[in-house]
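Number of protein chains: 2
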Amino acid sequence: MRTAANVHPSDDWIRDFKGTTYSFDAFLQRITAFHGYPAPGLVIGGKMVDLALNAMPPDCLFDAIAESGHCLPDAIQILTPCTAGNAWLKVLDLGRFALALYDKHRGNGVRVFLDPGKVAVWKEIDSWFFKRKPKAEQDNEALLREIRQAGEKILQVCTIRVHPGLMVKDSVGTRALCPRCGESYPLKHGASCRACQGESPYTTV
Amino acid sequence: MRTAANVHPSDDWIRDFKGTTYSFDAFLQRITAFHGYPAPGLVIGGKMVDLALNAMPPDCLFDAIAESGHCLPDAIQILTPCTAGNAWLKVLDLGRFALALYDKHRGNGVRVFLDPGKVAVWKEIDSWFFKRKPKAEQDNEALLREIRQAGEKILQVCTIRVHPGLMVKDSVGTRALCPRCGESYPLKHGASCRACQGESPYTTV
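Quick mapping for you: the protein sequence lines, in order, are chains H and D. The first sequence finishes on residue 820 if you use the numbering used here, and the numbering steps up by one all the way, no holes. The second sequence finishes on residue 820 if you use the numbering used here, and the numbering steps up by one all the way, no holes.
Among the hints, erroneous ones may be present.
Which copy is meant is left open, because identical chains are indistinguishable; a pair holds if it fits in one copy or across any two.
Using 30 Å as the maximum straight-line C-alpha spacing, the simulated DSS-like pairs for lysine-lysine come out as follows [said to hold, decoys possible]:
hint : residue 1 : residue 2
1    : Lys-633   : Lys-705
2    : Lys-633   : Lys-803
3    : Lys-750   : Lys-738
4    : Lys-633   : Lys-738
5    : Lys-748   : Lys-803
6    : Lys-719   : Lys-705
7    : Lys-803   : Lys-768
8    : Lys-750   : Lys-733
9    : Lys-803   : Lys-705
10   : Lys-803   : Lys-719
11   : Lys-633   : Lys-748
12   : Lys-738   : Lys-719
13   : Lys-633   : Lys-768
14   : Lys-719   : Lys-768
15   : Lys-784   : Lys-719
16   : Lys-733   : Lys-768
17   : Lys-733   : Lys-748
18   : Lys-633   : Lys-746
19   : Lys-705   : Lys-784
20   : Lys-733   : Lys-746
21   : Lys-748   : Lys-784
No lab work stands behind these hints: they were computed from the structure.
If we strip away everything but chain H, and leave its shape as in the complex, we get (with noise of 0.2 Å):
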């Protein structure tokens, strides 16, 4: 299962939504240079990615949804043009290891994740993954190496249909002034802003 040949036939490692198309070795520079160091989770949501744009129909504008905080937003961020900022992706706190693009008028799409039971026979990636040893005997160019033969192996596509409650525009609306910090904030959060209902990240400002 671990020879030559499992690993993706030409050189190329993923795409991104404009079809440009990464080696596995300079998608690990671009990783590292936006997210900081060649996080191999990040290396998997780059692959989770590429399935799901190849699973999407041509000219859809699609948004994203990232059900982990942890590597997949950045997957997302790099390849496609839905960022944190601009509300094209939703980065949801449910700890599953999957992703979705889906076309955003219609709420139709796909759904790319870590089959558990397909990652049972990568003995790298199963003890990276599901923390069966200390990451300091962790042997992070083996795990590297094996996440490139594994590929496509150890992910799952599915067709699904997102929330219409989740196809809303999240707008600001009216905004107010504090009465307790004099700063803007949107009206419908209440009498004050968030922060001053107890809210703020801060102990002191």
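Got chain H; can you put chain D on it based on the hints?
Just chain D, lined up with the frame of chain H:
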């Protein structure tokens, strides 16, 4: 107030964490490449990150907070190594047009926010930010010109200390298989994954 002398003295609009500078026009292009379009909020957001970077001590390992999911996360992602997927950027839904950089170990840092009092004298910015006229009537060129002239004059910087709870690394912890969907999820989420607990974003899978 709106004379050429108020334009940033050199041609540089901002710099990123590495010290690479962008002219106003180069930053518009960079924004468009990442964010999809030259959003005014992201042009201001870039200046906010620039101010925050200037106010941070050199060689400080920092994390970032965006107090809104609109535009600001992308300003941080373009200009710093903090991203939505590497956990160095936290996107909070407070609705305030503000961001912060802070020492990831000590919690002290700087916060930059749009000051509504300062914005009042900039007609186009005020009108856009507070939605005083319909989007179709907005003069986008005049708005960008004014943002460029205003520069940091509409912003305010203060020091902050981040809540210790925010400085704890959000680890996935032990992974389990969800008895309902069969996918892996963080055991700390409960007896089944959050999607199977009713938080699924899909109507059909």
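Verification of the hints:
When the C-alpha separation of Lys-633 and Lys-705 is checked against a cutoff of 30 Å, the pair qualifies both within a copy, at 21 Å, and between copies, at 29 Å. In this assembly of identical chains, the alpha carbons of Lys-633 and Lys-803 never lie at most 30 Å apart, being 38 Å within a copy and 39 Å across copies at closest. Taking the shortest alpha-carbon separations for Lys-750 and Lys-738, only the intra-copy value of 15 Å comes in at or below 30 Å, while the best inter-copy value is 55 Å. Taking the closest pair of Cα atoms, Lys-633 and Lys-738 never come within 30 Å of each other, the shortest separation being 34 Å inside a single copy and 39 Å across copies.
Only between protomers do Lys-748 and Lys-803 lie at most 30 Å apart by alpha-carbon distance; the minimum there is 19 Å, versus 48 Å within a single protomer. Taking the closest pair of Cα atoms, Lys-719 and Lys-705 come within 30 Å of each other both inside a single copy (12 Å) and across two copies (25 Å). In this assembly of identical chains, the alpha carbons of Lys-803 and Lys-768 lie at most 30 Å apart only when taken from different copies (28 Å versus 46 Å within one copy). In this homomeric assembly, Lys-750 and Lys-733 come within 30 Å of each other (Cα to Cα) only inside a single copy, at 22 Å, whereas the closest approach across copies is 50 Å.
In this assembly of identical chains, Lys-803 and Lys-705 lie within 30 Å of each other by CA distance both inside one copy and across copies; the values are 20 Å within and 22 Å between. Taking the shortest Cα distances, Lys-803 and Lys-719 sit within 30 Å of each other inside one copy (24 Å), while across copies they are farther apart (32 Å). Within a single copy, Lys-633 and Lys-748 get their C-alpha atoms no closer than 39 Å, and across copies no closer than 36 Å, so neither meets the 30 Å cut-off. In the homo-oligomer, the alpha carbons of Lys-738 and Lys-719 never lie at most 30 Å apart, since the shortest distance is 38 Å inside one protomer and 34 Å across protomers.
Proximity of Lys-633 and Lys-768 under a CA criterion of 30 Å is satisfied intra-copy only: 24 Å inside one chain copy versus 39 Å between copies. Only within a single protomer do Lys-719 and Lys-768 lie at most 30 Å apart by alpha-carbon distance; the minimum there is 28 Å, versus 38 Å between protomers. With identical chains, the CA atoms of Lys-784 and Lys-719 are at most 30 Å apart within one copy only, with a shortest distance of 10 Å there and 33 Å across copies. When the C-alpha separation of Lys-733 and Lys-768 is checked against a cutoff of 30 Å, the pair qualifies only within one copy, where the shortest distance is 7 Å, while the shortest distance between copies is 56 Å.
Taking the shortest Cα distances, Lys-733 and Lys-748 sit within 30 Å of each other inside one copy (19 Å), while across copies they are farther apart (55 Å). Taking the shortest Cα distances, Lys-633 and Lys-746 never come within 30 Å of each other, neither inside one copy (35 Å) nor across copies (34 Å). With identical chains, the CA atoms of Lys-705 and Lys-784 are at most 30 Å apart both within one copy (11 Å) and between copies (21 Å). Taking the shortest Cα distances, Lys-733 and Lys-746 sit within 30 Å of each other inside one copy (16 Å), while across copies they are farther apart (51 Å).
For the homomeric pair Lys-748 and Lys-784, the shortest alpha-carbon distance between copies (20 Å) is at most 30 Å, but the shortest distance inside one copy (43 Å) is not.
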